[in-house]
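Here the protein sequences line up with chains A and B, keeping their order.
If you read the first sequence in our numbering, its first letter stands for residue 1, the second for the next number, and so on.
If you read the second sequence in our numbering, its first letter stands for residue 1, the second for the next number, and so on.
Each hint should be verified, as a subset may be incorrect.
DSSO-like mimics (lysine-lysine), calculated; alpha carbons at most 27 Å apart, straight line [unchecked claim]:
no., chain 1, residue 1, chain 2, residue 2
1, B, K37, B, K250
2, A, K27, B, K487
3, A, K83, B, K487
4, B, K37, B, K268
5, B, K487, A, K22
6, B, K37, A, K83
Keep in mind that the hints were calculated from the coordinates and are not lab data.
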Amino acid sequence: MNAATLEQRIITLIAQVSSGVKPQDIKPHHRLREDLGMDSVCSMELLSMLAEELDLDVPVEEAARVTTVEATVQMAQQYMSQKSN
Amino acid sequence: MRSELRGTAAIAPRAVTLIDALERRAAQGSAWLHFHKGNEPRVSLDGAAALSLASQWAVALAAAGVKAGDRVAVLQPNGPDFVGAFFGATWLGACAVPLPWPVMEGAPERTREDVRHVLERARPTALATTAAMATAAWGLPVVVAPSDGVVPAAVSAPDATAFIQFTSGSTGRPRGAMLSHRAALTSATAMAIELGVGAQDVGVSWIPFFHDMGLVGVLLCSLVGDFQVHVLRPAEFLMRPSRWLSLVSKERATLTVGPNFGFDLALKRGGKVEGLDLSSLRLALNGSEPIHRATLDGLAQQLAPVGYRPEVMAPVYGLAEATLGVCFAVGARGGADLKFQGRDVVCVGQPLAGMELCLRRDGQVVEEGEEGEICVRGPTLMSGYFEDPEATAAAFEGEWLRTGDLGVMRDGRLHVTGREKELIIKSGQKFHPYDIERVVTEAFDTTPNGVAAFSRPHAASGSEELVVVVELRRVPPEGLAQEIRAKVMERLGVRADVVELMMAGTLPRTTSGKVKRRALQRGEAANSATTDSPLPRRGGEGQGEGLNTLPPLKVSPPLPDPLPRWGRGARVLVLGGGGFLGLSFVEALKHAGIRATCGRRQRSNVLGLRALKLPLVLADLDRPETLDEALQDRDVVVHLAGHYPRFSHDPSGAIALATRQTQSLLDAAARAGVRRFIYVSSTAMVAPPPAGRDRGTEADRYDRAPTFGTYHSVKWALEQCVDAERRFEVVTALPGACLGPHDYKLGTAAFLAALARRADVPHPDGWVSTVDVRDVALGLVELVLRPQVPSRVAFANEVWRLQDLLTSVAPRYGVDRVTPAMSDDEAIAFADAEEARAAANNTRARLSRELVDMVVRGVPVDATRSRTELGLTYRPLSQTLDAFDAWALRIGLLSPPPSPLAAPAPETTA
């Protein structure tokens with residue numbers, strides 16, 4: 001999965017968990033909490049779905065480090081490359 | 001049949017304190033808690049290990065200065081150290097204050113910000129947390145590990161507060177329910193008995209221990225019920241919802257518990273059910289938020305193939321203010337759903353042992369089948385909200401706790417239908433609509449016409465969605481909804497799922513102008529809204545299905561921006577500005593450069609006000625139609641006009657008049673969009689402090705109407721009136737006995753003025769808390785200027801017995817001997833006779849009954865809050881008297897030279 005597809009996928013998931021935000025309104029620089037209004041339960045759900053969908057093993061502690069859409073994409077890439085190595 | 005239910009007799013817990021209970025469990029030697037975290041091996045803690053860990057935490061906390069009666073904040077994830085720190089605090093006789101451990105770990109500063117309001121309220125001596133969390137700037141001693149040393153003797157007592165459970169944690173006004181050891185153990189025991197638990201039981205829970213359901217329902221219930229529990233962290237469950245049920249399956253668990261949204265998540269995202277075996281499960285408790293029939297049916301359907309039996313599902317009802325459990329629908333205590341307003345309302349069963357409940361409306365118990373507020377009585381109720389007598393008084397009616405939840409009784413069983421107080425529950429946290437509305441209002445430069453926050457069930461998530469509706473006077477700028485959402489998230493940590501912007505006049509309101517939140521919740525809106533051009537949707541403004549219940553929006557031309565704001569730009573209306581305190585206040589306002597207008601009555605003496613050259617407007621409390629105009633475009637109203645001396649012998653007439661006038665003022669203020677209403681009461685409303693404290697504060701309140709004296713009854717009734725106000729911010733100021741220029745007829749000042757004129761001073765004795773009227777005026781100015789002010793504040797400086805005060809001042813006016821004080825009864829009889837005589841002769845009474853009531857019921861007042869939160873410094877009495885003398889000389893009240901009268905000091909106005 002290339003970066004653009006991954007980003008699109010993550011944006012779709014965000015739109016899904018934070019019902020109310022449309023995918024086309026979500027930008028990479030958006031902050032999950034402040035800009036997209038995702039509370040902690042919501043962010044956790046996002047990471048959980050992402051981990052499930054991409055079959056990644058993301059530790060819970062990782063969640064707090066991810067605060068923007070961009071960072072979520074980067075983290076997913078990092079775990080994907082770890083997996084393929 | 002009336003809606004009343006009573007559980008079986010309360011069962012005394014086997015232990016009297018939490019430490020006793022822990023010692024009992026330790027002596028038994030059975031396994032207790034097993035903590036699971038990720039792929040790490042589980043960590044087990046039996047009773048003996050927990051007791052030893054608690055003693056070591058007690059050593060570490062004592063070393064940090066914790067003593068009996070202190071609070072200890074416990075910020076720990078589900079794990080051994082939560083148990084250690086929680087019990088360690090109670091070991092020392094301190095109260096544990098569990099704080100919400102963040103779902104997203106690793107952001108200590110953000111966590112600190114999230115719990116700031118609770119810390120400010122609870123003022124703990126120390127914080128027990130983890131080393132990683134300790135890196136934030138907490139500003140208090142932080143303990144991160146237990147320590148060895150000499151273990152002090154456990155000192156907790158059965159009726160002492162064991163822990164304080166804060167509700168509505170992240171809002172600006174957290175309330176802490178104080179729970180005694182006895183209440184906690186009685187509650188845990190009642191639940192253990194109801195569930196029929198024993199050593200053969202195994203529980204699984206991911207509920208956080210800081211939450212009442214995790215703390216009492218899991219930790220304490222398993223402690224006294226002798227069963228073991230496998231404990232997950234909430235984050236582990238949220239990240240991998242399948243972990244919950246697989247742990248149930250793997251450990252052959254017999255018990256589990258969760259809020260409805262947890263069961264929903266397990267259903268929706270729990271992964272494959274094949275391979276699970278849920279046949280061991282005998283009870284699954286569902287509580288702490290509204291329970292949905294669809295969730296229960298979904299579980300029954302999807303999990304039937306793996307041995308789940310629908311009858312294990314036990315809906316429960318409880319609240320932190322009752323420690324936890326109130327009603328459980330276990331086995332035969334459960335019942336069929338109730339069809340109510342087109343919904344299926346799940347039955348939560350019957351009261352636990354020792355608990356009683358009834359449903360009331362307008363103070364009357366309703367008939368079975370009718371909706372009423374759920375009121376609870378029993379041995380597990382909180383002793384009150386921590387240092388919040390206002391909230392405590394509002395929560396209790398005698399022995400009955402008003403839960404704020406609505407219910408309907410049928411077949412002798414309870415069904416929870418809604419929430420009276422319109423509390424919003426999101427992700428297990430409670431929010432008061434008022435707090436959310438306040439945050440939203442603050443996001444605007446100009447006050448919106450109306451704001452309403454409410455929640456409603458959201459079918460897709462099985463939880464509730466938070467809706468914020470804002471009525472605007474002009475077309476909103478781009479991105480406004482997004483800004484509002486960010487603001488709410490930033491300040492309260494909760495997501496506003498739907499933000500709806502409407503033009504003024506669309507929200508449904510009561511005749512008195514209050515927004516009808518419940519009507520909005522039910523999807524009703526104002527009938528007047530029939531326009532058809534919708535406001536263009538902006539990015540992320542709401543979710544599709546949420547909005548169709550609200551009427552389309554009308555786009556009107558932009559209105560001029562009146563720019564009201566705090567500080568010197570605030571436009572202030574003062575009612576009662578012509579009085580003693582009023583004159584000093586408007587003088588101080590003028591001096592501070594604040595635009596103030598004074599309301600005047602049709603016929604009243606406004607000479608003093610005219611002299612100050614302030615604009616006057618007709619605002620007659622007896623003529624509500626004058627108020628709307630007077631209040632137009634005001635930001636702040638200061639209500640000093642609450643004096644009804646004519647009525648000293650007709651309490652009910654005085655109360656009726658005072659409340660009618662004040663209510664019409666409040667209603668007019670709401671219509672006008674006023675932001676802050678400053679109500680000036682009196683330190684007469686400071687109730688005697690509880691034993692152990694010499695002085696009363698603004699927090700000490702009469703919890704019922706005082707039965708002595710009209711003055712107190714009227715003031716009390718007015719406090720009820722303004723306290724109930726939710727449409728704007730209300731601030732209550734309580735000035736003490738005001739002394740200084742402008743008065744010689746009323747209050748304690750009258751005694752001093754008489755003394756100064758060397759007249760006979762018939763007086764009672766009692767506590768008077770004196771204060772310079774100019775300092776009170778400055779305090780009121782602060783209440784106008786500051787964006788954030790305490791909602792209740794007393795202004796007082798020195799505390800005197802009246803007789804001592806007069807004796808001490810006498811030499812100043814060349815008076816050798818002050819008449820001795822009359823006894824209370826004498827003074828009352830004297831004042832009554834004086835007033836009767838004065839009425840008959842159309843003269844002035846030498847002593848008013850009102851003044852006697854004020855003095856004999858006086859309470860010495862500690863006004864520290866006015867110093868710390870408003871930065872007031874009070875001038876000494878000598879300066880006050882100098883200013884009075886100067887003024888009295890000027891107006892000819894005193895004639896020079898009254899021999900030893902001090903040379904008038906230059907009058908310093910604020």
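Each hint, compared with the structure:
| no. | hint | verdict |
| --- | --- | --- |
| 1 | B:K37 / B:K250 | holds, 15 Å |
| 2 | A:K27 / B:K487 | holds, 19 Å |
| 3 | A:K83 / B:K487 | violated, 39 Å |
| 4 | B:K37 / B:K268 | holds, 22 Å |
| 5 | B:K487 / A:K22 | holds, 20 Å |
| 6 | B:K37 / A:K83 | holds, 22 Å |
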